[in-house]
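Student: Sequence:
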Amino acid sequence: MRAVVVRDAGGPEMLAVWDVIDPQPGPGEVLIDVVAAGVNRADLLQRQGNYPPPPGASELIGLECSGRISGLGPGVEGFEIGDEVCALLAGGGYAERVAVPAGQVLPRPEGVTLVEAAALPETVCTVWSNIFMLASLRPQETLLVHGGASGIGTTAIQLGKAVDARVIATVGADSKVAKCLELGADTVINYRKDDFVEVVKQVTEGHGADVILDVVGAPYLDRNMRTLATAGRLVVIGMQGGRTGELDLGLLLAKRAAVLATGLRARPVQEKAAIVASVRDNVWPLIADGHLRPVVHTVLPLEEAGEAHRILEDSEQIGKVLLLAREP
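Heads up: the sequence shown begins at 1 in the working numbering, then just goes up one per residue.
The reader is advised that the hints may include incorrect statements.
Claimed, not checked - Pairs of lysine to aspartate or glutamate residues, derived as EDC-like cross-links and limited to a Cα-Cα distance of at most 20 Å, are as follows:
1. 201 - 222
2. 193 - 289
3. 201 - 186
4. 179 - 316
5. 161 - 289
6. 179 - 164
7. 255 - 271
8. 179 - 314
9. 255 - 205
No wet-lab data here; the hints were simulated from the structure.
Could you build the full structure based on these sequences and the hints that come with them?
Tutor: Right under this line is the structure:
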């Protein structure tokens, strides 16, 4: 099969399409003929040599895909050959085929094309597990989403509004403001022009954000703490700006707040399956009802994986960048 390989750790030019050995489904796994794969910032780190796959996972890049089931391993139930699906992966998505535990596979949701479905698994599982399963966002609470125009951000805005929360998003360009408002954000802040700490305080009349979803990391730690409401929950899911920051424990105690941090890729298969099951029960109906839709910036052929990575590195995108492995 064709797959994107990293010739050597480095820039986007290190990605190339080679012929590699086809994967085979093991016990409890399904084989998917990949139609499209989602591109995520974690993929950039793996290409640079800074984010190796967990033990036993494919060395190929790619944390989510869509396609059709073409093989069933021993013990698999609930799926049939030919089913149109999307899947959460520990690796291997940038390829024509991938083997994945059946518990991490979701049916293509109603109202979404098979190509668009590749934009969902990693993004939706990340947002749902962190904002709702972990931070327990409730109706009428305020959610602050950093990076509102990203794949994570566009999903978080829509899911936040779906549960009747007030949603505030930050973006780095005026060109991204309108899209976030269109998706339902109540307030959008260009962080290059305005201090999000002050804006959040103003629009919430001093209350602050009950839940913050942060992908920046260290540089935002203190500012996020000052933005949190009493009993607020800060969820850190990325370190784009750095990994080491200073935390004012006095402020944390005074606000009775919580700082939470999670990753998804290295979790045990059973934990991923539980998240995927919750997503299927709670989020898939929202897609069918039109409350959530994947936002796709562009779709590129597998051979242009390097260009896909450059788009993410330059933060040009609004929503997801996808790679097309075969015609749907």
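Student: Against each hint, give a clear statement of whether it holds in the structure.
Tutor: Verification of the supplied hints:
1. Restraint check for residue 201 and residue 222: satisfied, since their Cα atoms lie roughly 15 Å apart, inside the 20 Å limit.
2. For the hint linking residue 193 to residue 289, the alpha-carbon distance of about 36 Å lies beyond 20 Å, and the restraint is violated.
3. Distance check on the hinted pair: residue 201 and residue 186 sit about 14 Å apart at the alpha-carbon level, within 20 Å; holds.
4. Taken as a hint, the residue 179 and residue 316 pair is honoured in the structure, with Cα atoms around 13 Å apart against an allowance of 20 Å.
5. A distance of roughly 14 Å separates the Cα atoms of residue 161 and residue 289; the hinted pair therefore holds under the 20 Å criterion.
6. Restraint check for residue 179 and residue 164: satisfied, since their Cα atoms lie roughly 19 Å apart, inside the 20 Å limit.
7. For the given pair, residue 255 sits about 31 Å from residue 271 by alpha-carbon distance, which is inconsistent with the 20 Å threshold.
8. A C-alpha spacing of about 18 Å is found between residue 179 and residue 314, which places the hinted pair at or below 20 Å, so the restraint holds.
9. With a C-alpha separation of about 17 Å, the suggested pairing of residue 255 with residue 205 holds against the 20 Å cut-off.
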